[in-house]
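These protein sequence lines map, in sequence, to chains D and F.
The numbering used here applies: residue 6 is where the first sequence begins, and numbers increase by one.
The numbering used here applies: residue 6 is where the second sequence begins, and numbers increase by one.
One thing to keep in mind: the hints can contain errors.
All copies of an identical chain are treated as equivalent in the list; a pair is satisfied when it fits inside any one copy or across any two copies.
Claimed, not checked - Cross-link-like lysine-lysine pairs, in silico, DSS-like; alpha carbons within 30 Å at most:
no. : residue 1 : residue 2
1   : K161      : K253
2   : K161      : K186
3   : K253      : K209
4   : K186      : K207
5   : K209      : K186
6   : K253      : K158
7   : K161      : K207
8   : K209      : K161
9   : K160      : K207
10  : K253      : K160
11  : K158      : K209
12  : K160      : K209
13  : K207      : K158
14  : K207      : K253
Worth flagging that the hints you see were computed from the coordinates, not collected in a lab.
2 protein chains.
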Amino acid sequence: EIVAAIEAALLPETPGVSQVPYHNVIYQRAPTGAAPGMGEAVGRLEPARPLVGRRVLVTSGPTHEPIDPVRYIANRSSGRQGHAIARAAAEAGAYVTLVSGPVAQPDPPGVHVVHVESAREMLEAVEVALPADAAVFTAAVADWRVADAAEEKIKKQGTAAPTLTLVENPDILAHVSRMTKGRPGLVVGFAAETEHVIEHAKAKLARKGCDWIVANDVSPETGIMGGLSNTVHLVTATGVDDWPTLDKDEVARRLVARIATALRP
Amino acid sequence: EIVAAIEAALLPETPGVSQVPYHNVIYQRAPTGAAPGMGEAVGRLEPARPLVGRRVLVTSGPTHEPIDPVRYIANRSSGRQGHAIARAAAEAGAYVTLVSGPVAQPDPPGVHVVHVESAREMLEAVEVALPADAAVFTAAVADWRVADAAEEKIKKQGTAAPTLTLVENPDILAHVSRMTKGRPGLVVGFAAETEHVIEHAKAKLARKGCDWIVANDVSPETGIMGGLSNTVHLVTATGVDDWPTLDKDEVARRLVARIATALRP
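Please model the entire structure based on the sequences and the hints provided.
Next up, the structure:
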């Protein structure tokens, strides 16, 4: 029987030590059938589960936009960061739906995973997954798709190369941010930039109408896209938090801890 | 000490039994230091290694053609068939160089693997890997690349979607087939089609100047692209062999057995 859970005050800033809050959970250990209040109180440090009873939606991975039955437009997102966020939110007790594009990542345990390919499929799956208390749009959704994907494989004919006319995909982040009914209490976007990272992220926050933007520099030389660590900046209405370079799992745990604080009544 | 290797005449047509020829290898088992001719002859069936001393070049997987630092054009090739051919050729005793596009397949043991991304990188690696006795071009090389890949991530600006102007990639199969100096003795291409499979494959054989085409139907409903089995037709100057639907490993072993027969002096 859990008697009390006291949040541990100590959050060491030691490198490599998780910044996730811990609870000092006090258990009442007593023989079966003992009278109330009998027995011994035992304390144990356990990770806080501050998202118990909360619904969290996470998108992850790239989208694939078909050109013809065998060719498609893709991007270098591995899904590592989004999957880590879904896993961390589930570990914090949330009911998590993860809408994932094509990735090599395994489905995180205890998470409801919906697999999609294109941006339009992702939007549909997101609409089905709502309502949610918080939505984190980590997926690198293709901005554009090919206007008329071919039914049969496009053949190489003579020397004329085809021209791909692109049309804009639905903007899932902006769509959810601007919902007048059923908007999640907290909408978090990601901004993968290769230049002017903070400036672009601030502009994106205003343009999309979301609450936070997690911005990072995905220039090839950073190794972040497809890599194991990430250097992010959390952009909110009130300012910018620069986080140190962290394992993507730790970025996920910190972000989930921030979300839990923001959702606290 | 191996005394003799006699090719087994029996190649059962039983489903599921490999069609790869076996050798009845006769070993001389004798005590250390025994006089020549002493001891006992022991026969053991072993897979034939008919490509010992041969150099085989195999390409596999898709190519990725950059649009900008984060986006690219890809295709659904998993690399399963090409990697299986490289593995089978190595098992048959060949020195194998495998030039592979981005795949989730592990490097086959005992094979020299060169990892590339784009068609132009693949051509370079193929040229470095030559000369070879046989070259098998299994890779689904992109026919086109984007004319001017952007140095920075293309931003979504207003409502105007960009148009991707494509230019033709080098034709690796045709290039190697038409080499006047150092052409591999046997050049094998693959044709992934979604309609008129045999007709397109015959036209490709003539157009490219290669010796054989392995043709298959990669329509999404066949599940061949990314799948474990394959239904191929071997198109040569003298006719078409229709193979039954087989595991991709068995397609590889049969093809390697045919290559070994063709290379036999």
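A quick look at each hint next to the structure:
| no. | hint | verdict |
| --- | --- | --- |
| 1 | K161 <-> K253 | between (42 Å within a copy, 27 Å between copies) |
| 2 | K161 <-> K186 | between (49 Å within a copy, 27 Å between copies) |
| 3 | K253 <-> K209 | within (22 Å within a copy, 47 Å between copies) |
| 4 | K186 <-> K207 | within (25 Å within a copy, 59 Å between copies) |
| 5 | K209 <-> K186 | within (22 Å within a copy, 57 Å between copies) |
| 6 | K253 <-> K158 | between (38 Å within a copy, 22 Å between copies) |
| 7 | K161 <-> K207 | between (44 Å within a copy, 15 Å between copies) |
| 8 | K209 <-> K161 | between (40 Å within a copy, 11 Å between copies) |
| 9 | K160 <-> K207 | between (44 Å within a copy, 15 Å between copies) |
| 10 | K253 <-> K160 | between (42 Å within a copy, 25 Å between copies) |
| 11 | K158 <-> K209 | between (37 Å within a copy, 15 Å between copies) |
| 12 | K160 <-> K209 | between (39 Å within a copy, 11 Å between copies) |
| 13 | K207 <-> K158 | between (42 Å within a copy, 17 Å between copies) |
| 14 | K207 <-> K253 | within (22 Å within a copy, 50 Å between copies) |
Consistency with the previously given hints is maintained throughout, with no hint failing.
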